[in-house]
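Under this note's numbering, the letters of the sequence shown match residues 1 to 106, in that order.
No wet-lab data here; the hints were simulated from the structure.
Among these hints, one or two may not hold up.
Said to hold, decoys possible - Simulated restraints on C-beta separations:
id, residue 1, residue 2, range
1, Asn63, Lys106, 30 to 38 Å
2, Asp46, Arg71, 24 to 32 Å
3, Val95, Asp75, 17 to 25 Å
4, Gly53, Pro6, 31 to 39 Å
5, Lys106, Thr5, 39 to 47 Å
6, Ala26, Ala77, 18 to 26 Å
Computed from a prediction, not measured in an experiment: that's the story for all the values here.
Using N, Cα and C, we set each Cβ at its ideal position, and we do this for glycine too.
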Amino acid sequence: MTVFTPGTIAVIFCAQRTDEDDSGYAQAAQAMETLAAQQDGYRGMDHSRSEDGSGITVSYWANDAAAKAWRDNSDHAAIRESGRAKWYSSYSLHVASIERSYDWEK
Numbered sequence: 001m002t003v004f005t006p007g008t009i010a011v012i013f014c015a016q017r018t019d020e021d022d023s024g025y026a027q028a029a030q031a032m033e034t035l036a037a038q039q040d041g042y043r044g045m046d047h048s049r050s051e052d053g054s055g056i057t058v059s060y061w062a063n064d065a066a067a068k069a070w071r072d073n074s075d076h077a078a079i080r081e082s083g084r085a086k087w088y089s090s091y092s093l094h095v096a097s098i099e100r101s102y103d104w105e106k
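Construct all of the structure, not just a fragment, from the sequences and the given hints.
Structure, rendered in structure tokens:
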């Protein structure tokens, strides 16, 4: 778990997966996580997926410029088009600025 400083940008990606090409999707998702971690301003990622294929991925960025640079990354854009073509039936994306961040652990 990570506490983020105020002003960190959270990009919240909520998606519904199709049943198409599970192995290709898994490879692409891993490649995107690896690529994102190499980007300037990357601060981390959380993700969860349910059995019905709905999922949420939140990526965290130092600032809005870093989040936009990730959006505009050519490799990310190519994978995004593959996602639209075969891996997702729908998605929504939200960009938010973190004001407070807490952790708790037992």
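| request: Output the numbers, in ascending order, of every earlier hint that fails for this structure. | output: 2 and 5
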